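In case you want the letters, here they are:
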Amino acid sequence: MSAIQLNADTFRTQVLEQKQPALVEFMAPWCVYCRRIGPAFDKIAQEKGPGLLVGKLDIDDQPQLADRYQVEVVPTLLFFKDGEPVGRIVAPDSKAKIDAFLEQYL
Amino acid sequence: MDKIHDVLILGGGPGGYTAALYCARAGLDTLVVEKLSAGGQMALTQQIDNYPGFEEGIDGFTLGERMQQGAERFGARTLLAEAHSAELTGPVKKIHTSEGTLQARAVILATGAGARPLGLEREDEFTGRGLYYCAACDGMACRGKTVVVVGGGNTAAADALLLSRLCEKVILVHRRGTLKATKIYHEPLFKAPNLEFHWNSQVTALLGEGRLSGVEIRQNETGKITRLDCAGIFVSIGRSPATELFRGQLELDEGGYIQADETTRTSLPGVFAVGDVRTKAVRQVVTAVGDGAAASHFAEEYLAGLDASH
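Same order as they appear, the protein sequences are chains A and B.
Residues 1 to 106 in the numbering used here are what the first sequence spells out, letter by letter.
Residues 1 to 310 in the numbering used here are what the second sequence spells out, letter by letter.
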C-alpha cells in the first residue's frame, strides 16, 4: 500500500475521527522537495501496513487545514494520535529521520 | 551482515547510479545506499537543459528516477538507509547504516555535496522557520515579505532574482564589494526595483523567538552593526562536500573533497569517489556521470586483481 492522497473529508474521517494513528505530509504540487520524500513515504506506508495511516494533504487545496495546524513550510509531517497532532518534523532529509520520528510515537 | 557485496555505492545521485548501471551490467553484485530518493542535488532542480539527449530539457527528479530504473534493469538494487560510519581499510569494507551493517569488497563514494551553512548560533533552530538554503523550494514561504539573501555567486544571484519576483523586498548581503556571479546576472539584478545591496558585509547573528524575524549584519570596513527585520534569510554561500564519515580514513583536499584523479581511485585500495564529492574542476551532472563509468571500470579491475591473488 502506498501513501494516500487526502482531502478535507477523508482527512476528517480517516485521520481526525479514527483511533488509528496517522502520519500526514502537508505538501504542495510545486514543492520539489516533497517529491524527493515521496519514495521514502511510500516505503513507510508499505512497511507499517494497516496499523498506521500514511497520507498526503495538498496545502493549496486545503489552506484552512494548513492554517489550523500552523504549517508554514512544506513538507511538514504531522503525527496524529486520537485525532490530535502530537508531533511534527519539517523537511526530513532521510528515510531514517522519518523512521526515528515515528519511533517516538509507535 | 554476512553477505559481502561486490560493490557498495553510497549515494544515489547521477554519479552513483551511473556507477551502479555500469557495475551491474558488468555482472557485479551491486547495492546502492541512498538516504531519501534518487537524484541527489539535481532532484531539486526543476529544469535541466545541459544534460544531453533531452531536447526539451528534463526535471532533475525524473532524471534521477530514470537513472535508478536504468541501473535496476540490470540488477542493481537500492536500499533506503542512512550511513552512520564507515570502515574503509582492509579487503572487506563495512558501512554501518540505519538498516544495519553492510559489507562489500569495493566501495564507490557518491555522497555529493550540500549547502554550506553560515556557521552561526541558532542556525539549526531557525532552519525551516525563516532560514532556508533553497529559494526555489522555500521562497513561497516568504511571499510578499522582506527577505535577506546571503552570497554573491551564481546561486545567490539566481536566488535573489527569483525572490525579487515573489517578495516585497530583497536585501542581498555579500562579504565582497562586487558580485562573483557571471555577468549575465548583473543587469537584471541592478535593475530590479526591490533589490537592495549591502556590500562588504556579513551576517553576524540570527534573531527571533521561535521563528526568525531579523538578522544582524556587520559592515566589514566600518565595523558598523545593523539590524534588519526580515521574514526569511536564504543562504547561498556555496556548497560543502558530504565527507564527514570518511575524515581520517581518506585523503581530502583543503575544501574537504575526496582526493581522487580521473580514475576516481582514492588513497585507499578498493575505494573510489565519484561526482561532486571528488576533487575536480567542473561539477555538473555530465561530469558526475563520467566519473560513474570510470569508477566502475577501475572497481572491476580492482576486484579482478583480488580474485587473481586468491
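No lab work stands behind these hints: they were computed from the structure.
None of the values given here were measured: they were computed from a predicted structure.
C-beta: ideal position from N, C-alpha, C; glycine also.
Don't take every hint at face value.
Here are the in silico distance ranges between beta carbons for each label pair [as the list claims (entries may be wrong)]: (1) B:S85 <-> A:G87: 21 to 31 Å; (2) A:T13 <-> B:L268: 52 to 62 Å; (3) A:D82 <-> B:R77: 35 to 45 Å; (4) B:H186 <-> A:Y105: 21 to 31 Å.
Cross-check of the supplied hints:
Between S85 (chain B) and G87 (chain A) the C-beta distance comes to about 28 Å, which sits within the given range of 21 to 31 Å. The hinted range of 52 to 62 Å is satisfied by T13 (chain A) and L268 (chain B), whose Cβ atoms lie roughly 56 Å apart. The hinted window of 35 to 45 Å between D82 (chain A) and R77 (chain B) holds, with their beta carbons roughly 39 Å apart. Distance hint check for H186 (chain B) and Y105 (chain A): the Cβ-Cβ separation is about 51 Å, which falls outside the suggested range of 21 to 31 Å.
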